[in-house]
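With the hints as extra help, turn the sequences into a complete structure.
In the order they appear, the protein sequences are chains A and B. Everything in the first sequence is counted per this note's numbering, starting at 1 for the first residue and increasing by one. Everything in the second sequence is counted per this note's numbering, starting at 1001 for the first residue and increasing by one.
In short, the hints are calculated from the structure, not lab data. As the structure is a computational prediction, the values presented were derived from the model and not from experiment.
Quick list of simulated restraints, FRET-style, between CB atoms:
1) A:S242 - B:S1532: 30 to 40 Å
2) B:R1610 - A:G186: 54 to 64 Å
3) A:P388 - B:N1587: 52 to 62 Å
4) B:D1116 - A:I408: 24 to 34 Å
5) A:V378 - B:N1119: 32 to 42 Å
6) B:P1260 - A:P388: 54 to 64 Å
7) A:N287 - B:G1691: 19 to 29 Å
8) B:L1085 - A:F286: 44 to 54 Å
9) B:W1646 - A:S242: 46 to 56 Å
10) A:F286 - B:D1746: 24 to 34 Å
11) A:S242 - B:F1689: 41 to 51 Å
12) A:P363 - B:N1119: 21 to 31 Å
13) A:E234 - B:G1691: 29 to 39 Å
14) A:I431 - B:K1068: 24 to 34 Å
The beta carbon of each residue, even a glycine, is placed where N, CA and C say it ideally should be.
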Amino acid sequence: MTPSLGLRGWLRLPVLALASLSWSFVSATSHSFENTAIVRTVDLGGSLVHVTTTYAIRALDNGAQQYLVTLGEKEAHSTSWFEAKLKGQNEPLTIATRPLIPHDGTYAYIVDLPKPLGVNGTVNLVVESVLTHTTYPWPEKASQKDEQSLKYEGDLLVLSPYRTATQRIKVRAPAPRIISYTTPKGLDAFTTDNVATKSSATITYGPFSNIPPSASTAFIEEHQKHIVVHYYFEHPVVEITSLKRTAEISHWGANLNIQNDIDLHNAGPALKGHFARIEHQSQSYFNRLAPHIIPSLTFHLPPGIHSAYYYDLNGNVSTSRLRLTPSIPKAAQMKQYSTLELRPRYPLLGGWNYTFTLGWDSPLADSAGYDASTGLYVVSVPVQTVIPGAVVNQAEVKIILPEGATDIGVFPPFSPLAQERSTHITYLDTIGRPSVALSFENLTDKHNGLIYVTYKVPLSAHLQKPKAVSIAFGVLFLVAFLARRVDLSLSK
Amino acid sequence: MPKAYPLPTDLSPATVANTASLVRIVAFAFISGAAIASRLFAVINFESIIHEFDPWFNYRATRVLASKGFYEFWNWFDPTAWYPLGRVVGGTIYPGLMATSGVIYNLLHSLHLPVDIRNVCVLLAPGFSALTAWATYMFTKEMKDESAGLLAAAFIGIVPGYISRSVAGSYDNEAIAIFLLMFTFFLWIKAMKQGSALYGTLAAVFYFYMVAAWGGYAFITNMIPLHALALTLMGRFTNRLYVGYSSWYAIGTLASMQVPFVGFQPVRTSEHMGALGVFGLLQIVAFVELVRSHVSSKQFQQLLFSGVIAAGILGTLAIVGLTYNGSIAPWTGRFYSLWDTGYAKKYIPIIASVSEHQPTAWPSFFMDLHFLIFLFPAGVVLCFKQLRDEHVFVIIYALVASYFAGVMVRLMLTLTPIVCVSAAVALSSVFDTYIDPTEPEVSDGDKVDASKKDKSAATPASGASVVGLLTEMVTSGPSTTKKAKPTQRGIFGLDTRAAVIVNALGMLLFFVMHCTWVTSVAYSSPSVVLASHNQDGLQLIDDFREAYYWLRQNTPKDAVVMSWWDYGYQIAGMADRPTLVDNNTWNNTHIATVGKAMSSSEEVAYPILRKHDVDYVLVIFGGMIGYSGDDINKFLWMVRIAQGVWPDEIQEPRYFTPQGDYRVDDQASPTMKNSLMYKLSYYRFPELFGGGHAQDRVRGQMIAKPGPSLDYLDEAFTSENWIVRIYQVKKDDPLGRDLKSANAFDQGKKRKRTRPPVRRRSLA
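Written out as structure tokens, the structure is:
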């Protein structure tokens, strides 16, 4: 599975003390590599910034297998997803040590190479990561007609505990219209050319050559540069401040109900002045809506769903369209979706919020399996319904299992911040249903895995409901029977 | 005795009784089903949503009750209503409705049925309508028999006059009150007929429930004494009446005083004095009866009789005296408005401004009651025919309720049950007469034979008794005693019977169709969501919720919203923001303040708004899509109410054109054009039409260009169809200028020079 972490969560864990002890072991390996070239591409976006870094590695020792990828402090905090691959391969590499190891102003991932390298053996390592909350709207306020521009702030140089022969950083904006960018000074030690060049939508920093091992506070203080890129962004900046997803598995109804309570926030520039409906209507009429307005969102819901509902605190919202797709066989590779075009009650201007609930039912067979040999049911529940380009600040996924389920196992695609068990009581329950709640933070569009839950349901638990209902009705009839037949009057 | 059609003779009496009982239960199940189902149009056409205005407050209060518990609810002080005064909610409401929903909610949750509180509230009224049908059945059964009872239950189940107040989502006090009304009356009849203290106490308990649920309890408070008084005056005083009334009054009054909103009213206000007076009168009459049973002198009785009258007069005088003295509060204005329909318009415009307080138009009697209104007098006449004690009640109820229904549209609701009861009695008598297979004697010779047969049929031991029993099932009880003497009058053959019965069934069929149609067309709109029909079919106009939700999500939690009082409860319920005034119109001055702010110019209104911490002003404007219930159409009421408090500053005639028309186009009076309401409604409206004429679709008038401009407020939000417009009140200018000149400066306008520019002197 794809390894990925929200770092801030990990910092809270007491495991940290342990981890820093192991640094001495790690640093022993730190002189076994040399980076012949590092190329980093930063793809600027709205809430999310995708970073791809390619390390061309040469081994200096024999049998070197553990390679350290280091991040600056700020970068480590905003990295919500991290994956390393060998160039040209699809399988992600295992990342040996978790949590992140802090040392000397940097944080490190240890990447296990598939096989040890001999002296002068080379390999190309591609590291992809997604940063959240690294951009902000500038100017902070925009009127209804204005364009939207964002600023990206980040560190320039790629830090590495190894010597680096040459490195280059490309910052790619979504459109060629870049308002300004930083040209850092004081990098003469590494370069003689122009530090920064802009061509079309891309700003290239470097190449910088002959960089010594840089994963240290001393180097960072002396050489690390801070860059700011100010660019136009033509899509709304969507942020989900809180997502509460509840997946309720019902064996009697053969149904998997998924309900999302979503707090949506437009993180673009706040609206300057006030909202004039007449401007909005004329903009929509001429199809020239300002980029920071969210008039609607498109969700890709699973195929085969039915009874979808969309409401908010004031009741049903009738302004949306849903195109359903029938269920597809489980083994099929093709991607098909039911498309929901969801319109909030009002267009979401910069800084506005909208809270709503979106849910649907789907056949349980589409996402469940049964292993007859072990008697285990396996149900998969997607962590989230991805909105492209949106970040989910806080997420809680609660999976409610059938009443009386035992031997519960939960296998999330990436580690949650916390995992909690509780009991949920709903219609016709007598003892309540076991439920598992997983919490995450800073989910991005890369966090689209499935949570697998396994459990057993004994036959007696299946029969719990009919038993309870028949006993209730039996008692009712008995009371009616007695009330009818027993004469309580004093006089005859 | 000849029969028009044969009846089976080989059935045992037990079978007949059991079958009849089963048929009744099945019929009753269907009636309940029809009553509930016909109220669900609103849920099916729209959604499970709370309707209109007052229900939103009840819903909000119920949520407090369900989430925080009863004691918290009891002591609830709501600082967000009537800002900045606040409202002691626990002490100023009838909590019966909320308590009922709270009990149902907690009961269902304790059974592990986690129903949403909103659904409990939405479906409460339909649920109780089934209970109302049952209570009406019990009541009518006392009047005539079971078959009339079933008819009455069916009528009350689907009659539009009652549905109008009890569709799903119409979560108002009336939803449960009509059930309580009918059931209390039923228990009273039982208590009075049997002289049972148990039934009297039960009646008192349900009376207490009614007092806790609806202000209309005064109807019971006066109906029962009126009945007792009428019976006494008719010389029908019995110990049964005495026991029934005394137990009801003593327990009911003490219980009703436990409701904080009622408090000491039952002993201090004139509305309740009738019940107290009758209670006293009955004590005297009972005492006299007691004395009479021991002393038997005719003169003495007469003396006592005059003594009774003297005591009655003295008692009345004492009450009048106490009223003048101030110990008993005199009649309230709302009471006077029941007798003089012009009273409210003159003295209490707030009451008159509510459409449901207007006198009823003739067509609405037909619309709400259909053919029952024609059968209603027939039923009352049939009551005169027997005139048992309970029939006197029906007659009094019919008279009183008919009057009140004519005075106020909303009191149609109290008339409806008795119309159903009387109409059922009448119709059931028709059916009794025409379904009864007995044919009259043709010749004198047969007469003797037939009477013999009849007598033999009357003895239960004989084999032919089944026929008699069956006849008894189909027809009413008392009529069999009359049949003991067969008469020449009657109905011959099947054809005459069929003609009448088919006709009656046809009327019933039309009644059902009419009820369905009226319910689906007129009474099932939530009024929070509007529906419009276009070529794509039904389209929902959801502007209210859009704007309220915007307020809820994008303004500070403590932002004060000013709007006309109609929308106060909705804003509190859906937008969760403090309001200046709401539908609980207890403070006329506060409402008049809002009226004044709306009807004055911006300069005058601004200090009022700032003094009340108003952040947002919300107006309803229908001119864009033709929604006629908007604020411009209600504007004259605002002016009138404001005029009542500030007659020097606000004068209604100034809002009319010199010709006396109420116009919004270029002929509108300057006062009208400068009023805040006009400006907020039409701000930027003409721009919507580009170069064309800006037509207000409600009033069909052209708005002058350029439209009004605003200096002290700023448009904050306008809903999709422009129905709800929200404006933000500007804060003081940071540079200390007045907002008008600051605005002019921002727009690049130069200040007007006070002196004309100096012209270059000519060289002449």
